[in-house]
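K.L.:
Here is what each chain is made of, one letter per residue.
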Amino acid sequence: EAQVTQNPRYLITVTGKKLTVTCSQNMNHEYMSWYRQDPGLGLRQIYYSMNVEVTDKGDVPEGYKVSRKEKRNFPLILESPSPNQTSLYFCASSQYTGGSNTEAFFGQGTRLTVV
Amino acid sequence: DAKTTQPPSMDCAEGRAANLPCNHSTISGNEYVYWYRQIHSQGPQYIIHGLKNNETNEMASLIITEDRKSSTLILPHATLRDTAVYYCIVRVSGYSTLTFGKGTMLLVSP
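So the protein lines, in turn, are chains G and L. Anchor point for the first sequence: position 68 equals 755 in our numbering, and the numbering is continuous, going up by one each time. Anchor point for the second sequence: position 1 equals 1387 in our numbering, and the numbering is continuous, going up by one each time.
It is worth saying that the hints were derived from the structure and are not from the lab. Backbone N, C-alpha and C define an ideal beta-carbon position, used for all residues, glycine too. Be aware that one or more of the hints could be misleading.
To be verified - Example chain L residues on the side facing chain G (calculated, C-beta under 8 angstroms, incomplete): (1) C1398; (2) H1426; (3) S1427; (4) G1429; (5) P1430; (6) T1483; (7) L1484; (8) F1486; (9) G1487; (10) K1488.
Stated by the list, open to error - Each computed DSS-like pair below joins lysine-lysine, with the alpha-carbon atoms no more than 30 angstroms apart: (11) L/K1389 x G/K744; (12) G/K756 x G/K705; (13) L/K1488 x G/K744.
Unchecked claim - Computed spacing ranges between beta-carbons, pair by pair: (14) L/H1463 x G/E766: 46 to 54 angstroms; (15) G/D725 x L/S1395: 13 to 21 angstroms; (16) L/P1393 x G/E766: 36 to 44 angstroms; (17) L/Q1428 x G/K756: 24 to 32 angstroms; (18) G/K744 x L/S1427: 24 to 32 angstroms; (19) G/V741 x L/A1403: 42 to 50 angstroms; (20) L/P1496 x G/N738: 20 to 28 angstroms; (21) G/E749 x L/K1488: 20 to 28 angstroms; (22) G/T800 x L/T1451: 23 to 31 angstroms; (23) L/K1438 x G/N738: 24 to 32 angstroms.
Just chain L, same shape as in the assembly (with noise of 0.2 angstroms):
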């Protein structure tokens, strides 16, 4: 699976959009990128993934370049709850393992 990239901390004041950015510029033909976040030592929980076109579901919204080689989740009215850390997955259609990095951890402050 391709290796990803993404700053190791963020802040984004609550009710403003957070912009997730995710690097993974060795990304290939079949592989999708995932996101997931772990808030405070919970089980991981699934947001979104997305192949090459734009992707929005009821927790946010996924922007993959048009070249694939970057991606950005976007939290559109943070929220203190969702505070934690967000993890970019690249992985290859079908094959079911997940590897984490280190992830952002996004902090949303009043």
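Bound-form chain G, shown alone (with noise of 0.2 angstroms):
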């Protein structure tokens, strides 16, 4: 089954305290993002990846790290969390083909509380 897996699904943190969400793919898609959504803002998206090793800032970049050193993961890593990052998560990933354009497919979330 195609699927974008992400994991944790909930994550209560403490400030500084480095983590991890990780992201995983089974379609071989180039294309990998993430997102987060907070009330009354919508989903904004924080880095995305065309292909492996080449990573690019979205909208909301500040405070966040990826990296894409295989083609089926794409890790966001928050290496001092702040409570202003409390938010809900999310990855995707999509076939990118510069020329044609493919759905994209969203992971379940990471619900992600900093206090």
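Quick one: dock chain against chain with the hints and give me the complex.
P.N.:
The structure is reproduced here in structure tokens:
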């Protein structure tokens, strides 16, 4: 079954304690991205990657890092989490051909609370 | 990408057709219209997309006006499980970032 898997689904952590949210897809997609969703602000893109070792900032990258060492994995790293990073996070993947569009598949989300 | 305008909320009776409108008056010739939905804090789910022709799949139909300035997503027989926020997104071909607006909250009632 085609899917994007995020872990953990729920996480409560303390300010300043480094954490990683993992994302893995089984569709051999080149393009992967991270979004955060906050009430009243909707879904906003944090980072994206067009292929292995190629990453770029989205609309709200401050306080986040990503890496793309393998095609299937795209972890989101919070080096020093702060309460304003409390949010619902989604990972997504899609086929990137440069000339045609395919649907984006989203993970089930990670609800992060930073206290 | 062109901006889209959707009503904030709509109601529909179970079993009836749900017609969700979207205005995209500044759409350009190489931009597609995409529809996604999000069921209560789950990950967004792709529904359908089109360029200028009407499209149909197992989930829905997409009607795009001839001038491409607006479109309508049709769920032919809405069920309670179709209650969700529906997002209309305009996106350039080959450019993979999705920019989500506020969408339309569709409430399907018994």
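K.L.:
If a hint holds in the structure, say so; if it does not, say that too.
P.N.:
Against the structure, the hints come out as follows:
1. C1398: 23 angstroms, violated
2. H1426: 11 angstroms, violated
3. S1427: 6 angstroms, holds
4. G1429: With a minimum Cβ separation of about 3 angstroms from chain G (threshold 8 angstroms), the hint on L/G1429 holds.
5. P1430: With Cβ-Cβ at 5 angstroms, under 8 angstroms, it holds.
6. T1483: Cβ of L/T1483 sits 6 angstroms from chain G, so the hint holds.
7. L1484: This hint holds: L/L1484 lies near chain G, its Cβ roughly 6 angstroms from the closest one there, short of 8 angstroms.
8. F1486: 4 angstroms, holds
9. G1487: Check passed: Cβ of L/G1487 comes within 7 angstroms of chain G, closer than 8 angstroms.
10. K1488: Holds, about 6 angstroms.
11. L/K1389 x G/K744: This hinted pair holds, its Cα atoms lying about 21 angstroms apart.
12. G/K756 x G/K705: Answer holds: G/K756 to G/K705 is near 20 angstroms, not above 30 angstroms.
13. L/K1488 x G/K744: Holds, because 22 angstroms separates the two Cα atoms, which is no more than 30 angstroms.
14. L/H1463 x G/E766: 46 to 54 angstroms: Since the Cβ atoms of L/H1463 and G/E766 sit about 49 angstroms apart, the hinted range of 46 to 54 angstroms holds.
15. G/D725 x L/S1395: 13 to 21 angstroms: 19 angstroms, holds
16. L/P1393 x G/E766: 36 to 44 angstroms: At roughly 41 angstroms between Cβ atoms, G/E766 and L/P1393 fall inside 36 to 44 angstroms, so the hint holds.
17. L/Q1428 x G/K756: 24 to 32 angstroms: 28 angstroms, holds
18. G/K744 x L/S1427: 24 to 32 angstroms: This hint holds: roughly 25 angstroms between Cβ atoms.
19. G/V741 x L/A1403: 42 to 50 angstroms: 43 angstroms, holds
20. L/P1496 x G/N738: 20 to 28 angstroms: 47 angstroms, violated
21. G/E749 x L/K1488: 20 to 28 angstroms: Hint holds: Cβ distance 23 angstroms, inside 20 to 28 angstroms.
22. G/T800 x L/T1451: 23 to 31 angstroms: Since G/T800 and L/T1451 have Cβ atoms about 44 angstroms apart, the given range 23 to 31 angstroms is violated.
23. L/K1438 x G/N738: 24 to 32 angstroms: 30 angstroms, holds
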